[in-house]
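Work out the full structure: start from the sequences and follow the hints.
Top line first, the protein sequences correspond to chains A and B. Its first residue numbered 1, the first sequence is counted upward by one per residue in the working numbering. Its first residue numbered 117, the second sequence is counted upward by one per residue in the working numbering.
In case anyone wonders, no lab produced these hints; they're calculated from the structure. Beta carbons: idealized from backbone N, C-alpha and C, even for Gly. Check each hint, because a few of them may be wrong.
[To be verified] Negatives, chain B to chain A, calculated, CB over 12 Å:
#1 413
#2 454
#3 476
#4 482
#5 612
#6 619
#7 659
#8 676
[Stated by the list, open to error] Here are the simulated DSBU-like cross-link-like pairs (lysine-lysine), alpha carbons at most 35 Å apart as the crow flies:
#9 B:294 <-> B:161
#10 B:134 <-> A:70
#11 A:70 <-> B:410
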Amino acid sequence: MNAKKDFIITSYVENKIGILYRVLNVFSRRMINVESLTVVESERKGISKLTIVIESEDNVVKQLVKHIEKQIGVMGAYVQSNNEIAMSKVSLYKMFTQSLANHDDQLPILEKQYVN
Amino acid sequence: MKSKTMTGSEAIIQCLLKEKVDTVFGYPGGAIMPVYDSIFDYQDKIRHILTRHEQGLVHAAQGYARVTGKAGVCIATSGPGATNLITGIADAMMDSTPLVCIIGQVPSPLLGTDAFQEADIIGMTTPCTKWNYQITSVDEIPEVLSKAFYIANSGRPGPVVLMVTKNAQFDSLDFEYKKTTWMNSYKPENYLDYNKIKKAADLINSAKKPYLLFGQGVVLSGAENELQAFLEKTGIPAASTLLGLSALPSDHPNYVGMLGMHGNYGPNLLTNECDVLIGVGLRFDDRVTGNASKYAKQAKIIHIEMDESELGKIVTPKVPVAGDAKEVLSALMPLVHQSDHSTWMKEFRSCDVLEFDEVIKNEFDESKEELSMAYVCRKLSEAADHNAVLVTDVGQHQMIANRYFKFKNTRSVITSGGLGTMGFALPAAMGAKLGDDSRTVISIAGDGGFQMTMQELGTIAQHQISVKMVILNNHFLGMVRQWQELFFEKRYSFTEIESPDFVQIAQAYNIPAWSISEKKDLENKINEMLSTEGPALLEVKVEKEDNVFPMVPSGAAVNEVLLKP
Ligand SMILES: Cc1ncc(C[n+]2csc(CCOP(=O)(O)OP(=O)(O)O)c2C)c(N)n1
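Okay, structure coming up:
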C-alpha cells in the first residue's frame, strides 16, 4: 500500500524571485528528488504554474502538498498520482505564417491534428 | 498622507512607527548605516537596544515577542551581521515566534558579485523563515514592511527577514503606508468546519477516558480562558507541552503536569491509556510523542491546530480540526456535556504519588547536603510568589526548572523548545523584561549555556535591564553528561567544563552577584537577588552528577517512561 509511485504536483505560485526555491526546498529537505519540473506562465497574469514530478508515497505526498500550500506566494497545490492521469505527448511548433500561406495544402492537416 | 521626499531609511522608521513598534534590537554596520542615521532622530519614539552580538539581539527580540505577543524587531547589517542572526531566526521558526528582521544588504548593482560583506541571506534563510524578501528599490519599502508585520503576526506566527539594499535606503520616495490585512497568496485564517466540530464533540461526549494535551497554540491564540472553561465543564484531565506551560495555572484542578521526554510520569504513561486524545495547539513534536509508532495507538485522536500542515504530520487524527484554538474551543463549548472524570483523574494522581516517592522526595531531602537543581528552582519559584516569567536555557536545568516552577499567569515560560538553542536564556530574558517591565524576569542557565552568550551582560549593564540571572553550575554540560552516563557507559567525553568566577565577571559589569554552594545560604541570597534593584546574578553550585527523571529514553514509547535509571 505504501509502495513508491510517481506523483504529479501542480502548483500555482506568484511569478516572483525566490518562490521556486521555497517550493523546491519542501522536497530537498526531505531528501526527495524532483524527477522533472516545468515552470510556465498560467492563464492568469503574474501567476506561474509549476508541474513537479516526484516519486513518493500517498501519505507523504499529501503532507508535501500541505507544506507547499503553506508557503507564502503559493496560491494552491494539487496532486495526482501517475495512474490518475492520461498522458499524451504534445508538440508545439512555431511557423512563419508566410510559409503556411505558401503551402495552403498543409492547413487542413494542421487543423485536423489540432482538433484531435 | 503624502510627504514629498523621504529617504528609504526614514521610511523604514516610519513604517515601524505605523506598526506601533516601541523597541528594536539592533547592531549597526556598513550596509545598514542609513537606517542608523535615521533612527538617531527618533530616539524619543523608538527605544534601540544595542546588544553585544547579533545572536543576543535576535534572542532578545524573541523574548520580547514571547512576553508581549507582538513581533520582535531586529536590525542588523549584511554579511556577518545577518549570519549571526540565523540561529535565532531558526529558533523563532521552530517555536512560532513573530519576528521582523530588517537587514542591510550591499547596493543592488553589487548583488551576486561577492562584494564586501555580501552574503546570500535570502538563500540561507528561506528554509527557516515564514517569509523573506530582498528590497532593491525604495518604492517597495512601505508595502513590503507592511506585509512583513502582517505575515509575522498573523496565523501561526513566525520570523520574516527583509534584506534592504543600501541604495534603497538612500533613495527617496513618496511615503504612504497601508496596513496589510489581506494577501492574495496567504490565507492565515481557517474556515471552521462545523461537521468536524460536531464529530469532535460527539467523541468527547462518549469518551470514558478523555485526555487533553495543550501547546503554545493556546497562548498564541489567547485561548487560556476558553481552555479553562472547557476543562471545567468537561472534567477532562489536561497536560501541557513545554511551550504550553503557564497557559493553565499550575494549581488548576484539571492540570496533571508536563508532557515530554522529561515531563511528568502520569502525563506520559497515561497517554497510552486514554480512549480519546484531544491535542490543542500543538504539533506532536518527537520530544512529546517518543516513538510515534507506539504513541496513543489505542486512542481516537482529535487534533485542533491552525496550521493545516501539522494535521496528520506525526499522528493520524480521527478528527483533524483546522482552526485557531480559541475559535474551536468556543465552538465546542456548547456541544460538550458537563461531565465528571474523577475516577480517571485519580489514575493521574496515583502516578503523581509514584513520581513523588521515586523522584521528587529525594530532590527535596532536607538532610542532603548538596543542592539539587530542583530544590533551587522550587525555592526560586516560591520566592517570586509563582509569578515570575521563567526564561530558561537548554539542558538539565531547563527541564528541571520547568518541572519545578509553578505558574499563575500565562506567558510566563520562555524557552527554546524546538531548536534547543544553548545561549538563549540570558538575551531572551533581557528582551522579556524590556517587553513587560511590570514582571519579575528570572533567567536560569547552566554553566555551559551561560557562557555562550554572557557577553550580553554588557547590554544588561548599559541599559540597566532588571533581569535576575541564575546560573546552576554543575561543572558539566549536564544534559550531555547524563546521556553519556546512561547510554555511553559513563564515558564523559568532553563534557567537563571549567568556568570563570561568575561573580567577578558580573562585578566587572557592575552587576551585583553572589555565589553559593550551601543550602543554608540559598533562601537569603535568592531574596537578596530578587529585591536588588536592577540586574543581579546568582551562581548556585549544585550537585555535579544530578540526573533528570522521569525520562522517556529516545526511541522508547511514552508508556516506557522511567522513574530512575
Ligand atoms: C548551541 C547548542 N550547542 C550544543 C547543544 C547540545 N546540548 C544540549 S544540552 C547541553 C549541555 C548544556 O550544559 P549546561 O549549559 O551546563 O546545562 P546543564 O545541562 O548542565 O543544566 C548541550 C551541549 C545545544 N543544545 N545547543
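Hints versus structure:
With 12 Å as the threshold on Cβ separation, the claim that residue 413 of chain B sits away from chain A holds: the shortest Cβ distance comes to roughly 16 Å. Against the 12 Å criterion, residue 454 of chain B stays outside the reach of chain A, whose nearest CB is about 36 Å from its own CB. For residue 476 of chain B, the requirement that its beta carbon stay farther than 12 Å from each beta carbon of chain A is met, with the minimum near 40 Å. Against the 12 Å criterion, residue 482 of chain B stays outside the reach of chain A, whose nearest CB is about 51 Å from its own CB.
At roughly 35 Å, the least C-beta separation between residue 612 of chain B and chain A is larger than 12 Å, which holds for a residue marked as non-interface. With a least beta-carbon separation of about 45 Å from chain A, residue 619 of chain B lies farther than 12 Å from that chain, consistent with its non-interface assignment. Distance check on residue 659 of chain B: its Cβ is at least 40 Å (rounded) from any Cβ of chain A, clearing the 12 Å threshold; non-interface status holds. With a cut of 12 Å on Cβ distances, residue 676 of chain B stays outside the contact zone with chain A, its closest approach being about 26 Å.
A C-alpha spacing of about 20 Å is found between residue 294 of chain B and residue 161 of chain B, which places the hinted pair at or below 35 Å, so the restraint holds. Between the alpha carbons of residue 134 of chain B and residue 70 of chain A the distance comes to roughly 27 Å, so the proposed pair stays at or under 35 Å and holds. A C-alpha spacing of about 29 Å is found between residue 70 of chain A and residue 410 of chain B, which places the hinted pair at or below 35 Å, so the restraint holds.
Every hint, counting from the list given before, is met by this structure.
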